[in-house]
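Asker: Here's the letter readout for the chains.
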Amino acid sequence: MPRWGMAADLDRCTGCGGCVVACHAENNISTVGDDQASRGRAKHWIRVERYYEGEFPDVRVKFRPVMCQQCDNAPCEPVCPTYASHHTDDGLNAQVYNRCIGTRYCANACPYNVRFFDFFNPSWEKPLHLQLNPDVSLREVGVMEKCTFCVQRIKSAQIGAKAGQREVRDGEIQPACVQGCPSKALVFGDLEDPESEVSRLSRSPRGTKLLEDLGTKPKVAYLARVSQT
Amino acid sequence: MDRRSFIKLTAITGSTAALTACGNPEHQLIRFVPDEDIVPGQAVWKPGVCPLCSAGCGLTVRVMDADADVVVDGQAGVKRIAAAKKLEGLPDHPVNRGALCPRGQAAIQVTYHPDRITQPLKRTGNRGTGQYEAISWDDAVVELVGRLDMLAGAGNQRMLAMLTRRTSGHRGALLEQFAARFGAPAPVVYELFGDEVLRRANAMSYGRAQLPTFDLANSRYVLNFGSDLLGTWNSPVAHSRAYGEMRQGRPGVRGTFVQVETRMSQTGANADEWVAIRPGTEGALALGIAQVIGGKHPDYTPDAVQKLTGVDARRVERLARGFEATRPAVAIVGGAPLAHTNGLFTALAVNTLNSLVGSVGQPGGVFFTPQLNRAAASNAGGGFTLQDIGNAHVLLVDGANPVFTAPAAWRVRESLEKVPYIVSVGSFLDETSALADLILPDHSFLETWSESLPESGSLAAVAGVAPAVMRPLHRTRATGDVLLDVGRRLATPVNLPWQTFDEMLAATFTGLPSAAPDVDTWSDAQTKGMWTGTLPAGLASGASPQTPAAAGAAAFAAPQFDGDPGQYPFHFLPYPSSKFLDGSLAHLPWLQEMPDPLTSGMWSSWVEINPATMQKLGIAEGDVVEVASAHGTVRSAAVVNPGIAPDTVAMPVGQGHTSFTRFASGRGENPVTLLAPVTEATTGALAWAATRVRVSRAGPADGRLVMFAGGLREHVEHER
Chain H
9 MPRWGMAADL DRCTGCGGCV VACHAENNIS TVGDDQASRG RAKHWIRVER
59 YYEGEFPDVR VKFRPVMCQQ CDNAPCEPVC PTYASHHTDD GLNAQVYNRC
109 IGTRYCANAC PYNVRFFDFF NPSWEKPLHL QLNPDVSLRE VGVMEKCTFC
159 VQRIKSAQIG AKAGQREVRD GEIQPACVQG CPSKALVFGD LEDPESEVSR
209 LSRSPRGTKL LEDLGTKPKV AYLARVSQT
Chain X
-13 MDRRSFIKLT AITGSTAALT ACGNPEHQLI RFVPDEDIVP GQAVWKPGVC
37 PLCSAGCGLT VRVMDADADV VVDGQAGVKR IAAAKKLEGL PDHPVNRGAL
87 CPRGQAAIQV TYHPDRITQP LKRTGNRGTG QYEAISWDDA VVELVGRLDM
137 LAGAGNQRML AMLTRRTSGH RGALLEQFAA RFGAPAPVVY ELFGDEVLRR
187 ANAMSYGRAQ LPTFDLANSR YVLNFGSDLL GTWNSPVAHS RAYGEMRQGR
237 PGVRGTFVQV ETRMSQTGAN ADEWVAIRPG TEGALALGIA QVIGGKHPDY
287 TPDAVQKLTG VDARRVERLA RGFEATRPAV AIVGGAPLAH TNGLFTALAV
337 NTLNSLVGSV GQPGGVFFTP QLNRAAASNA GGGFTLQDIG NAHVLLVDGA
387 NPVFTAPAAW RVRESLEKVP YIVSVGSFLD ETSALADLIL PDHSFLETWS
437 ESLPESGSLA AVAGVAPAVM RPLHRTRATG DVLLDVGRRL ATPVNLPWQT
487 FDEMLAATFT GLPSAAPDVD TWSDAQTKGM WTGTLPAGLA SGASPQTPAA
537 AGAAAFAAPQ FDGDPGQYPF HFLPYPSSKF LDGSLAHLPW LQEMPDPLTS
587 GMWSSWVEIN PATMQKLGIA EGDVVEVASA HGTVRSAAVV NPGIAPDTVA
637 MPVGQGHTSF TRFASGRGEN PVTLLAPVTE ATTGALAWAA TRVRVSRAGP
687 ADGRLVMFAG GLREHVEHER
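Residue numbers (my numbering), protein chains in the order written: chain H, 9 to 237; chain X, -13 to 706.
Read the hints as simulated data drawn from the structure, not as lab findings. Accuracy of the hints is not assured; some may be wrong.
What the hints assert, rightly or not - Below, computed lysine-lysine pairings styled on DSBU-like, alpha-carbon distance capped at 35 Å: (1) H/Lys163 with H/Lys134; (2) H/Lys134 with X/Lys32; (3) H/Lys70 with H/Lys170; (4) X/Lys282 with X/Lys293; (5) H/Lys70 with X/Lys602; (6) X/Lys514 with H/Lys134; (7) X/Lys32 with H/Lys163; (8) H/Lys170 with X/Lys602; (9) H/Lys217 with H/Lys70; (10) H/Lys134 with H/Lys70; (11) H/Lys217 with H/Lys134; (12) H/Lys170 with X/Lys32; (13) X/Lys65 with H/Lys170; (14) X/Lys108 with H/Lys163; (15) X/Lys108 with X/Lys65; (16) H/Lys163 with X/Lys602; (17) X/Lys108 with H/Lys134; (18) H/Lys192 with X/Lys32; (19) H/Lys192 with X/Lys108; (20) H/Lys192 with H/Lys163; (21) H/Lys134 with X/Lys602; (22) H/Lys70 with H/Lys225; (23) H/Lys70 with X/Lys108.
To be verified - Incomplete in silico selection of chain X near chain H, CB under 8 Å: (24) Phe18; (25) Pro100; (26) Ser226; (27) Gly230; (28) Asp258; (29) Pro581; (30) Pro583; (31) Pro628; (32) Gly689.
Claimed, not checked - One-sided excerpt, in silico: chain H residues whose CB lies under 7 Å from chain X: (33) Thr39; (34) Asp42; (35) Ser46; (36) Arg49; (37) Pro65; (38) Val149.
Values in this document were obtained by computation on a predicted structure and should not be read as measured data. Don't be surprised by glycine CBs; every beta carbon is placed ideally from N, CA and C.
Just chain H, with the same shape it has in the complex (with noise of 0.2 Å):
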C-alpha cells in the first residue's frame, strides 16, 4: 500500500502562485468574489505564505506554499462527529463531503488553516461552468473542503497502471500544484518507496515538516531555502 507524501524545495519556489490557479482549475473551487472574500470566506486549497525578515534595505523574504500537510496523525480527524474526516488506507486525509454536517471541527483543530467552509452554494456564471472538471466533485453549503492531493489523478494513475498490468511509475502521478510548477519546486510520490524522488527529497538535510512539534507527523517535507549571505 502506498503512502502519498509531497517535497516542497523552497530554494526552487518562486512565489509565483501558480499552484495556486492551477488547484483552483483542477478541482473545481469556485471564487466568492470581495464581498466574502473579505471576510475572510476565500477558499485557497494551497496558499503561498510569505514572511518577510528584516528592515529596509537589509530585507529579506521567504515564500513558503502551504497545502492539507496530510498528517499521519491528523488533528482534524478524530473530532469529526460523522466520520466524513477520515485516514484512507494510502495515508490520505480524505473529506466525504455528503457525510460533512458542517460542525466545522476539523477546521478549528487543523494547525494549518488549510480547511475551507462552503458558507454558501457555489455559482458559475454561464459558460463558466463548462470548465468544471467532471471527476471532482462540487460543494453545496456547509461543507468543509480541502486538498486531497488531486485524488483523482492517483485513482486515474492506478486505473491506468492496473489496465496495463503494471505499478504505478515514480513520478506519473502529479497534482495540479505539482504539475504546473514553473521551478519545480512540488515533488509528489509515493513515501513507502525509499527510491521514489520524494522519499530522497524527504531525508534531505534541509528538511523540515512544518509545525513538527504537535505531533501531527505530517507528509509534507519543506527543503529550507540555502542562506548563501
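With the hints as your guide, set chain X onto chain H.
Answerer: Quick look at chain X alone, frame taken from chain H:
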C-alpha cells in the same frame, strides 16, 4: 405524429412537470444531437498556444464532454460538446517545458467568460455608453468593406490606421501585409510595459533588436537589474524553470542570485543578496562594477558610484569581485530601470558587463533565440503614432487598450473620439473597444488556430501552432479569416496569397526543415503543437550576435523626473501586476481572487509604502491615502511594504477599469492615470517610472482592501 413533434411535445410536458414539481422553471430538457463524437467521461489532450503574453508558451488542453446551453431554431436546450477543461504546459515545448504561470492557468476563463462578445455589434448610442445592436456577419462585413472602399475611393488609403499589441506570430504579420497592400501605414504597436529600449540597446550592442534569452540553468552568478524575470517579464516560465535548475539542479553547485532594484519584486524576493538603489541609477552601478573588473570606466570608481546610486562603495567592489570570479556569470536588465529618461544608457551599461565576462553566446550566459525570417511588408511611410492616431479616418483595433494603459496626459481617449470610424475585433468591451462603431468579435484561442513565434525563452528556434481545440461557443469569426475575406471583397481587392489564415500558417510551416525525410512539418507541427529545430541560413533573420566593444556607448545622464521634489517628494513606481500584467487580464475571476504573491491582496488595488514613511505620515495599513502627481490623483488603500525605499511608493497596474466585464469594471484604481508623459530620451518609449507624487492620508480604512493573509508580518517559524 412524426419524430420532431414527439420531441417537442415531450419537452412541453417535461417543462410543465418540472414547473409544477419544484417551482423551478427548467428549460434545459431538450438534448440536441451532438455535432461530434466524444466519449463521455473520457479525456482527450490536444495542443494549443497560450495567447496571454508574447512568451508563447505551449499548451496541452484537456478536452471532455460538457453540456452547453444552445438555441437551435429558436428552441433552447442543451447539447453535448467537446469542451476544454484544463490547460497544462506542453511537456516538450522548449519555452515552458510542461509548466505554466498563474495567468496561463487562468487563460481558459477567457473562452468561458460570461461577458464575452458573442456576435457582431454595431453602435447605436453615444460612444462609450456601451449601447450596441446585434447585426449579422454579412451586414458587418459589408459595412466594413463599404468604409474601406470609401477611403480608397477618395484616395485616402493612408488614413487607415491599425492599433495592436505586440504579438509574436503571424497575426501581426497579416495585419501589416493587409495594410501594405491596401496602401496604409504599418500598424501602431503599443504596450505600456514594452521593451523597446532593451531591443534598441541589444541592436546597438549585439546587432540583434530582440529580447535576450538567458541560460540560467548553467549560470553560477546572476546579477539582475530590476527585471521581474520570475514573475512578469520577458519569458517568466522559461526563466523560472531554469532558475530552479540553477538553484538545485546541479549536484554541489548552487548559483548565486543578486537583484538590484528600488522596490522588492517577487523576483527580488528570491535573491541571495538584494541591493536597494536610487531609481534610474542602475546603469551607473553597472559601469562601477565594470570599472572594478576591467578598469576602463575611470569616471565610475566605487566612491563615485556610491554618490550616484546610494550603494556602498565596498558593496560595489564586492559585487564586482563576485561577478568576475564566479563564472559563468550573467547580467540582466529589464522593467523599471529602463523606464527612465536615461533607460538606453542603463541597458547599454549592463550589456557591457556581459561582454566583459564573455557571457554572450556562452553556456550560462546571454543568447538570442533564432528568429524566423519574414518577408517585410512595404507599408506607406509617415505612419501614425499613438499621439496622432486621432487623424485617422478608419481605425482597426486588435487587442490594444491604450485608453486604459496610456498616460492620461496623452489624451488617447479624446484623440480616438475624433476618429470617424473605429472597428474592434476584441472579445470584450474594454475601455478602447467601448469607443468602437463596429465590433467583429474574434474566436477565443481555443476555438481557432493558435500560434506564436517566441522571441526569447529558448536556445533553439521554436514556432508554436495548433488547430482549434473545440468548436466556437458563440457567433464569432477568426479575425485573420475576416480580414482576408474583407480584402477580397473590396472594390480594388487586397489580394493576399492566402484564402484563409491557416493557409498563411501552412506556408510558413511547410517551409521549415523537417526532422526526418518522410515527415511533413506542417502536419507534424499541428500534432505536436510546435516545431523546433535549426533554421537554415536562408530562413533565419538577423546576424549572429556580435560581442560588443567593452566600452559603454554613452556617459551617465542623471534621470529626469516629472514633478518638483519639494511638492512631490516621492518616486512613483507603477509595476506590472503578477495577476493582470498591464490590466488586460483583470477580467478573469481566478486571477482576481488569487492572492498577490507579496501582499496577498485580492479583488483590489493598493499603494505600497515603507513602514517608516507610513509612521511619519500617520498612515496605518488599510487607510485610504491620496496619491497625486502633477497629472492626476488616485485614492487607494495603504499597504505596508518593508521592501520599498522610504522615498518611493508603488502601485500594481491592472485594476481601475471603467469598462471591462462584471469582474473588473469599477474595481480599484488605475495608477497609469498619474503618469507624466515623460519619455526615454533616445527611443521615445514611455518612461513609466519617472513620475513624482505626493502622498497623504485621506481617511480611515473603508473596506476596499481585501487580503488573504491575516496580518502582513507573520513571524518566521523556526527553521532547522
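Asker: None of the hints should be skipped; say for each whether it holds.
Answerer: Structure-based check of all given hints:
no.: 1; hint: H/Lys163 with H/Lys134; verdict: holds (30 Å)
no.: 2; hint: H/Lys134 with X/Lys32; verdict: holds (24 Å)
no.: 3; hint: H/Lys70 with H/Lys170; verdict: violated (41 Å)
no.: 4; hint: X/Lys282 with X/Lys293; verdict: holds (19 Å)
no.: 5; hint: H/Lys70 with X/Lys602; verdict: holds (27 Å)
no.: 6; hint: X/Lys514 with H/Lys134; verdict: holds (32 Å)
no.: 7; hint: X/Lys32 with H/Lys163; verdict: holds (22 Å)
no.: 8; hint: H/Lys170 with X/Lys602; verdict: violated (66 Å)
no.: 9; hint: H/Lys217 with H/Lys70; verdict: holds (16 Å)
no.: 10; hint: H/Lys134 with H/Lys70; verdict: violated (39 Å)
no.: 11; hint: H/Lys217 with H/Lys134; verdict: violated (42 Å)
no.: 12; hint: H/Lys170 with X/Lys32; verdict: holds (25 Å)
no.: 13; hint: X/Lys65 with H/Lys170; verdict: holds (34 Å)
no.: 14; hint: X/Lys108 with H/Lys163; verdict: violated (51 Å)
no.: 15; hint: X/Lys108 with X/Lys65; verdict: holds (29 Å)
no.: 16; hint: H/Lys163 with X/Lys602; verdict: violated (57 Å)
no.: 17; hint: X/Lys108 with H/Lys134; verdict: holds (24 Å)
no.: 18; hint: H/Lys192 with X/Lys32; verdict: holds (23 Å)
no.: 19; hint: H/Lys192 with X/Lys108; verdict: violated (48 Å)
no.: 20; hint: H/Lys192 with H/Lys163; verdict: holds (23 Å)
no.: 21; hint: H/Lys134 with X/Lys602; verdict: violated (49 Å)
no.: 22; hint: H/Lys70 with H/Lys225; verdict: holds (23 Å)
no.: 23; hint: H/Lys70 with X/Lys108; verdict: violated (52 Å)
no.: 24; hint: Phe18; verdict: violated (16 Å)
no.: 25; hint: Pro100; verdict: holds (4 Å)
no.: 26; hint: Ser226; verdict: holds (3 Å)
no.: 27; hint: Gly230; verdict: holds (3 Å)
no.: 28; hint: Asp258; verdict: holds (4 Å)
no.: 29; hint: Pro581; verdict: holds (7 Å)
no.: 30; hint: Pro583; verdict: holds (5 Å)
no.: 31; hint: Pro628; verdict: holds (5 Å)
no.: 32; hint: Gly689; verdict: holds (6 Å)
no.: 33; hint: Thr39; verdict: holds (4 Å)
no.: 34; hint: Asp42; verdict: holds (4 Å)
no.: 35; hint: Ser46; verdict: holds (4 Å)
no.: 36; hint: Arg49; verdict: violated (11 Å)
no.: 37; hint: Pro65; verdict: holds (4 Å)
no.: 38; hint: Val149; verdict: violated (17 Å)
Checked against the numbered hints above, the structure breaks hints 3, 8, 10, 11, 14, 16, 19, 21, 23, 24, 36, 38 and satisfies the rest.
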